[in-house]
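Residue-level listing of the chains:
Number of protein chains: 2
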Amino acid sequence: MSLQEQIEQLAKQAREAASVAAQLSTEQKNQLLLAMATALEAQSEHIQAENQKDISASADKLTKAAIDRLTLTPQRIMDMSAGLKEVAALEDPVGTIIKNSTRPNGLKVKKVRIPLGVIGMIYESRPNVTVDAAGLCLKSGNAIILRGGSEAIHSNTCLGNILRAVCTAHDVNPDIIQVVPTTDREAMSILVTQTQYIDLMIPRGGESLMKWMAENSKIPVIKHDKGLCHVFVDEDADLEMAANIAVNAKAQRPGVCNALETLLVHEKIAEQFIPLITGRYQQAGVTVRGDALTQKLGSQVEAASDTDWDEEYLDLIIAIRVVPHINAALEHIRQHGSLHTETIVTNNEKTAQYFLQAADASAVMWNASTRFNDGGQLGLGAEIGISTTKTHAFGPMGLEELTTSKYIVEGTGQIRE
Amino acid sequence: MSLQEQIEQLAKQAREAASVAAQLSTEQKNQLLLAMATALEAQSEHIQAENQKDISASADKLTKAAIDRLTLTPQRIMDMSAGLKEVAALEDPVGTIIKNSTRPNGLKVKKVRIPLGVIGMIYESRPNVTVDAAGLCLKSGNAIILRGGSEAIHSNTCLGNILRAVCTAHDVNPDIIQVVPTTDREAMSILVTQTQYIDLMIPRGGESLMKWMAENSKIPVIKHDKGLCHVFVDEDADLEMAANIAVNAKAQRPGVCNALETLLVHEKIAEQFIPLITGRYQQAGVTVRGDALTQKLGSQVEAASDTDWDEEYLDLIIAIRVVPHINAALEHIRQHGSLHTETIVTNNEKTAQYFLQAADASAVMWNASTRFNDGGQLGLGAEIGISTTKTHAFGPMGLEELTTSKYIVEGTGQIRE
Numbered sequence: 064m065s066l067q068e069q070i071e072q073l074a075k076q077a078r079e080a081a082s083v084a085a086q087l088s089t090e091q092k093n094q095l096l097l098a099m100a101t102a103l104e105a106q107s108e109h110i111q112a113e114n115q116k117d118i119s120a121s122a123d124k125l126t127k128a129a130i131d132r133l134t135l136t137p138q139r140i141m142d143m144s145a146g147l148k149e150v151a152a153l154e155d156p157v158g159t160i161i162k163n164s165t166r167p168n169g170l171k172v173k174k175v176r177i178p179l180g181v182i183g184m185i186y187e188s189r190p191n192v193t194v195d196a197a198g199l200c201l202k203s204g205n206a207i208i209l210r211g212g213s214e215a216i217h218s219n220t221c222l223g224n225i226l227r228a229v230c231t232a233h234d235v236n237p238d239i240i241q242v243v244p245t246t247d248r249e250a251m252s253i254l255v256t257q258t259q260y261i262d263l264m265i266p267r268g269g270e271s272l273m274k275w276m277a278e279n280s281k282i283p284v285i286k287h288d289k290g291l292c293h294v295f296v297d298e299d300a301d302l303e304m305a306a307n308i309a310v311n312a313k314a315q316r317p318g319v320c321n322a323l324e325t326l327l328v329h330e331k332i333a334e335q336f337i338p339l340i341t342g343r344y345q346q347a348g349v350t351v352r353g354d355a356l357t358q359k360l361g362s363q364v365e366a367a368s369d370t371d372w373d374e375e376y377l378d379l380i381i382a383i384r385v386v387p388h389i390n391a392a393l394e395h396i397r398q399h400g401s402l403h404t405e406t407i408v409t410n411n412e413k414t415a416q417y418f419l420q421a422a423d424a425s426a427v428m429w430n431a432s433t434r435f436n437d438g439g440q441l442g443l444g445a446e447i448g449i450s451t452t453k454t455h456a457f458g459p460m461g462l463e464e465l466t467t468s469k470y471i472v473e474g475t476g477q478i479r480e
Numbered sequence: 064m065s066l067q068e069q070i071e072q073l074a075k076q077a078r079e080a081a082s083v084a085a086q087l088s089t090e091q092k093n094q095l096l097l098a099m100a101t102a103l104e105a106q107s108e109h110i111q112a113e114n115q116k117d118i119s120a121s122a123d124k125l126t127k128a129a130i131d132r133l134t135l136t137p138q139r140i141m142d143m144s145a146g147l148k149e150v151a152a153l154e155d156p157v158g159t160i161i162k163n164s165t166r167p168n169g170l171k172v173k174k175v176r177i178p179l180g181v182i183g184m185i186y187e188s189r190p191n192v193t194v195d196a197a198g199l200c201l202k203s204g205n206a207i208i209l210r211g212g213s214e215a216i217h218s219n220t221c222l223g224n225i226l227r228a229v230c231t232a233h234d235v236n237p238d239i240i241q242v243v244p245t246t247d248r249e250a251m252s253i254l255v256t257q258t259q260y261i262d263l264m265i266p267r268g269g270e271s272l273m274k275w276m277a278e279n280s281k282i283p284v285i286k287h288d289k290g291l292c293h294v295f296v297d298e299d300a301d302l303e304m305a306a307n308i309a310v311n312a313k314a315q316r317p318g319v320c321n322a323l324e325t326l327l328v329h330e331k332i333a334e335q336f337i338p339l340i341t342g343r344y345q346q347a348g349v350t351v352r353g354d355a356l357t358q359k360l361g362s363q364v365e366a367a368s369d370t371d372w373d374e375e376y377l378d379l380i381i382a383i384r385v386v387p388h389i390n391a392a393l394e395h396i397r398q399h400g401s402l403h404t405e406t407i408v409t410n411n412e413k414t415a416q417y418f419l420q421a422a423d424a425s426a427v428m429w430n431a432s433t434r435f436n437d438g439g440q441l442g443l444g445a446e447i448g449i450s451t452t453k454t455h456a457f458g459p460m461g462l463e464e465l466t467t468s469k470y471i472v473e474g475t476g477q478i479r480e
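Which chain is which? The protein sequence lines are A and B, in order. Following my numbering, the numbering of the first sequence begins with 64 at its first residue and continues without gaps. Following my numbering, the numbering of the second sequence begins with 64 at its first residue and continues without gaps.
Hints should not be assumed to be uniformly reliable.
Heads up, the list lumps identical chains together, so a pair's fine if it works in one copy or across two of them.
[What the hints assert, rightly or not] With a cut-off of at most 35 Å between alpha-carbon atoms, the simulated DSBU-like pairs for lysine-lysine come out as follows:
| hint | residue 1 | residue 2 |
| --- | --- | --- |
| 1 | Lys162 | Lys359 |
| 2 | Lys281 | Lys162 |
| 3 | Lys116 | Lys173 |
| 4 | Lys171 | Lys289 |
| 5 | Lys274 | Lys331 |
| 6 | Lys359 | Lys148 |
| 7 | Lys127 | Lys413 |
| 8 | Lys171 | Lys148 |
| 9 | Lys289 | Lys413 |
| 10 | Lys148 | Lys413 |
| 11 | Lys281 | Lys75 |
| 12 | Lys274 | Lys173 |
Read the hints as simulated data drawn from the structure, not as lab findings.
Just chain A, with the same shape it has in the complex (with noise of 0.2 Å):
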């Protein structure tokens, strides 16, 4: 079999499979991912040995900071499993009615959450993926096929392999979690143009992937793109409260997505803040990079250069430039922000209101971290990832935002005059 008809047999097998997918009812789902979990922890050892081939072949083409992602350890094995009893427990969005009404003429029609069908995850690294996406589509009753890292190939088809075990082993088609047999970049060229078996595709991980996804898929895509996010602090900040979330946002864990990228300081309070952000970004281990302003006023602050705006380091750097008002802290967040998390510090409610309406981005926030666009802090449960496309998700992609609705329309003969 060729690899295009090979990837075509795939989707079309998934396309089949939805249905089952689609029809199982909430108390078999919750049986198949505590099963799920159980067959992880049953078979941590097989998983640490074929996760182990996987860092064997990657060991000297890859820096530490990946090997580590990379690595399945007991614990992360466990935490898996942690994670699929946590999606059992969350309410089954499927069949949950929207709205329902009857109209005039006696139909009574109801919106009906559904599965949204097949769904193509890509994504780099973490092999902790797999099973959460696979869990978090199970749940909401689609099927979906998995395409991770070359470099976790092994360890994504064996964490694969133990989910469709137990689909098997409890009557279910296995068909509803597929992942893509093969490290050949082709097959991701041939899946992204199945669009009559895939729904949806996910992308997550860099700008090179998300570019590659937008060029060549032609099937709807959500981008999982990177979070290029702002802390506005206002004239009116509360400067204490602005330090420790500028510091939090930075610093409390600073390889994801929603951690700050660049601070934003109003000028008239330039003068007592600067001194103060840099000593305590200086004792959290933070490089700070600034415009001429805040070199002056500030401590230890390397010049910024006009790419520093444009960069989400993820890491201990940050990007701090001055803005004479609001509208100018506004207008940088439209020209470098990511439509990702974007928050002010200040105590004056009008000034707040304005920002929370006018930044575009899927979370806004007023005295809090950016830490918390998050689908667990924001209290949607465990998300497959934080969308930064506008249509369908926008902003933490949880079980409600894997589903899609029909009408149902129920009537006694109705004709249309």
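Got chain A sorted already, so can you dock chain B onto it with the hints?
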């Protein structure tokens, strides 16, 4: 200026205007809509004169039906005006709070409807779409770029200019509504790659347009594709009701996407129902193409070929097929349907619920004509079209479906531990 620069500039202007559109109050938007309605009525003669240029240019190229679709009569201009007034009367979706919660850490989390941003609309023939789409996009706080058929360029440009002049007279940036000022097809190719300026493309038209969009658009697309709708007459159907629905769904307005194209008949009632329905179709002037059994049982039935099951006639022609059971009907729908509208006629509630759950379409109906899959009929108000894309909006796309949502998070200095 090159065409490339011209279209890029147009898209960039739309992006800038989108922030204006998003900030308009409900009252401002309604005032604009009503003023636009008045302007259309006042300039009816001018519109007709411009429309006449299109008609003259197309006289020897288009069918009589196509010319009719292109023609703007005084009544049709009044209808466009009435449509804008209707949109003014609809509830403004922008700012609606979808969810509202307070997290254990005190964060107040709201999920709020916001405009999508910039919408690109590509459509064929009827120039009224220019006004309908502009009105709906304005009310939902979006900027719109309109690209109608080349045969309607004078009409569309004229209508766009009238709407834009109303904006200018109200001190609103007229670029919230723009008509692509050229019929050059290359303009479309440039338009669908303006990913940094346009958030969503809505194509409304025939299969070749849909195919072209899927191949070429780098921007998310919501297709308003064909409707290959079915009615399944179950063994437990009230046959008189079934005949009424089947005739209404086919013949009441055959040229629209929610009209019936293929009638599926349970074999247990075929002997009674086929003579009844073929007689009724004859009376209604509908040509019947049927499978062998339909030909045997019915009167004046032409032989259906395999391609008939995939044809959207949009005409007074119907395909009829006898199926052995409901699952065969569902399988036929899976193979030939277009996710649009599927109806079952039955008095058996269990059979009905099975069908309503299993049939994959944006609207599934029980004992009602397929013609009810329509924004107005389902209670959404005016619609921009009926989406056959599962993501974002599936089915009739009204004002709500022209929005997305963002999280607004209010804190008191919360940081993540």
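Practice task
Kindly indicate which numbered hints from before are broken by the structure, ordering the numbers from low to high.
Solution key: 1, 3, 5, 6, 7
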